[in-house]
Amino acid sequence: MAARTLFEKLWDAHVVKAATPATPGILYIDLHLIHEVTSPQAFAELRARGLSVRCPERTLATLDHSTPTAPFDDLGQPVYASEEAAAQVGELEKNCAQFGIRLNGWSSEHRGIVHVIGPELGATQPGMTIVCGDSHTSTHGAFGALAFGIGTTEVGHVLATQCLLQNKPKTLAIEVDGDLPAGCSAKDLVLHIIGQIGVNGGTGHVIEYRGGAIRALSMEQRMTVCNMAIEAGARAGLIAPDEVTYDYLRGRPYAPQGEDWDKAVAGWNTLASDAGARYDRTVHIDAARVRPTVTYGTHPGMVVALEASVPLPATLQERRALDYMRVEAGKPLAGMAVDVVFVGSCTNSRISDLRDAADVLRGRRLASGVRMLVVPGSLAIKREAEREGLDQVFRAAGAEWREPGCSMCIAMNGDLAQPGQLVVSTSNRNFEGRQGPGARTVLASPAVAAASAVAGCIADPQSLLQEQAA
Amino acid sequence: MSTNRPITHIRSRTAVLAHENIDTDRIIPARFLTTTQRDGLGRYAFNDWRYAADGTPDPAFELNKTAARGCEILVAGRNFGCGSSREHAPWALLDFGLRAVLSSEIADIFRNNALKNGLLAVVLSESEHRYLLANPGIELAIDVAAQTIELSDGGRFSFQLDAFAKHCLLAGVDQLGFLLAHNDAIGQFERQRGEAA
Ligand code: SF4
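Top line first, the protein sequences correspond to chains A and B.
Going by the working numbering, the first residue of the first sequence is number 1, and it counts up by one from there.
Going by the working numbering, the first residue of the second sequence is number 471, and it counts up by one from there.
Please keep in mind that the hints were generated in silico from the structure rather than gathered at the bench.
Careful: at least some of the hints might be erroneous.
Below, a sample of chain A positions facing chain B; criterion: calculated Cβ distance under 10 Å [said to hold, decoys possible]: (1) Tyr28; (2) Thr137; (3) Leu165; (4) Gly204; (5) Tyr254; (6) Leu322; (7) Ile410.
Simulated crosslink set (DMTMM-like; lysine to aspartate or glutamate; CA at most 20 Å straight-line) [as the list claims (entries may be wrong)]: (8) Lys170/A x Asp632/B; (9) Lys17/A x Glu665/B; (10) Lys168/A x Glu665/B; (11) Lys9/A x Glu532/B; (12) Lys17/A x Asp623/B; (13) Lys170/A x Asp12/A.
According to the in silico footprint, chain A covers these stretches of chain B (three or more CB under 8 Å from chain A) [stated by the list, open to error]: (14) 493-505; (15) 539-545; (16) 572-580; (17) 592-600; (18) 610-616; (19) 632-640.
The beta-carbon is built from N, C-alpha and C at its ideal position, and this holds for glycine as well.
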């Protein structure tokens, strides 16, 4: 058989019916993740047609998007931002109960952001096809799974048939070689990559991240990189599974156990792209050139290294973005006053992210006037952070320690910034108004976010970390 | 809503939003996604552009101008619909009164969502796109079957459209029915995989 890429192997293994000139292919879906915001209309459709869920056991539900992250009230109940949000969560509870779907609801120890809990439970596994009505489903590609976001109509398709109609995307190899400099995180790397290829650089493609710098990343860092594949317009991001993947998955609740595990690993070991496999496009990135990086504009491709100056606007569009952000071209972003700092989202809310932020904050206080929210990605991460005493570090610094959820990443649960406020955020989108009408967002790593909270302005964590070591 | 209205022809003047990278948060901000319905979202379309902070329509916003009233075809800057997978975006645009979106580049998930709901999403060449951006209000006649756009000034563009998406638009059928008809093949696929494992 001809040499195949990882993507082609995943695709071929899931084709129920190949595409014809008149019809798209039918692709089988192994794992379907659902949440409260993009599923209600899909269940309504099933009901209207009298259909059932074909494979409830392949469906996993959680509460995250419109779910409150504020501490519970005196009665131990969540406090919703609106009746609609409460009704939406209630709707998911009802739908899961009626159709026999596992829901990691309020009473579950496993609740959290959909793209955080899938991997954490070991539900996300190499070789799978995984979809969710959320574009950051690309996160799961870090495990060598073909994972992508879908719309609500398609959520209905998967519920009813466990399949999707799909045209085959193209492949884009991003070869990342060289060593990521000390003090640079996976977030800096992926912001740098999007800056290089652009917010539409991956449109129509599935990205496979390859090369030594990718192999050197931990599983959590790989998830951060794949999470933002969609910000380059790509359908999905992929990384071939290896020992790092297996070490992460081994022993997790839904991962295969015992003999099944060995069999599974043997299969997963065949997934990597064959030598000589061809991609539609290849891009090379030198990791050694990455610096702590932030966004300065209103899409994730407008990035700048902290030490560099904001480039002069080349288009009317870019000038508008600078105006909206109140950023001056020709000057570095460092030193710009900060109102809110958000550490969270499926990009950077895992335990290693919280440790990175806590390392900077330990023994320090937030600058006066700065509000900081730390929102763990899942209840399991919250518990782990509390075991390690990270919550104490955040609280002592003056930050809010919250319940898990999407929170200010999408600002639909009541967690949001005020018009004009500048937010340094570890999430993935800096679109106008994403974190509240008129709010200005600077995307950054957890360390840069924490350093900015302490400094009261956008700041490089390096000097703070060195001080601490001294 | 198991079937859509068949879409064969769309004739309208264009409204132009020249901004590049109009993301789905722009099309409908996330705070309006707490609904469990798909109807009635048109009032939130482009909400934060359309309305000033006090809730009154912003007269400077292109789609609030008299000339844009009743336009069913939107010509948008490059990379329209990027960002979130929310299907609320095409729902909002349809409910707002749009029937077609034209750009030189349309984000994958949005395009897919749009076509599934009977919102025609068409990708044009750079030069065709530039021409339409520069001539707001021009009358277009889109023929889905022929995959052509006639311009009132005599010009004519043709466009690509996935054969299946076209079939579904013209017949007003949705795609779930097609998938359900392959129930046996899906079952066979599941059994084969079960045996192989
Ligand atoms: S954290 Fe943000 S990007 Fe991730 S699933 Fe939630 S809303 Fe989507």
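(message) Of all the hints numbered above, which does this structure not satisfy? Sort the numbers upward.
(response) Violated: hints 5, 6, 10, 11, 12, 15, 17 and 18.
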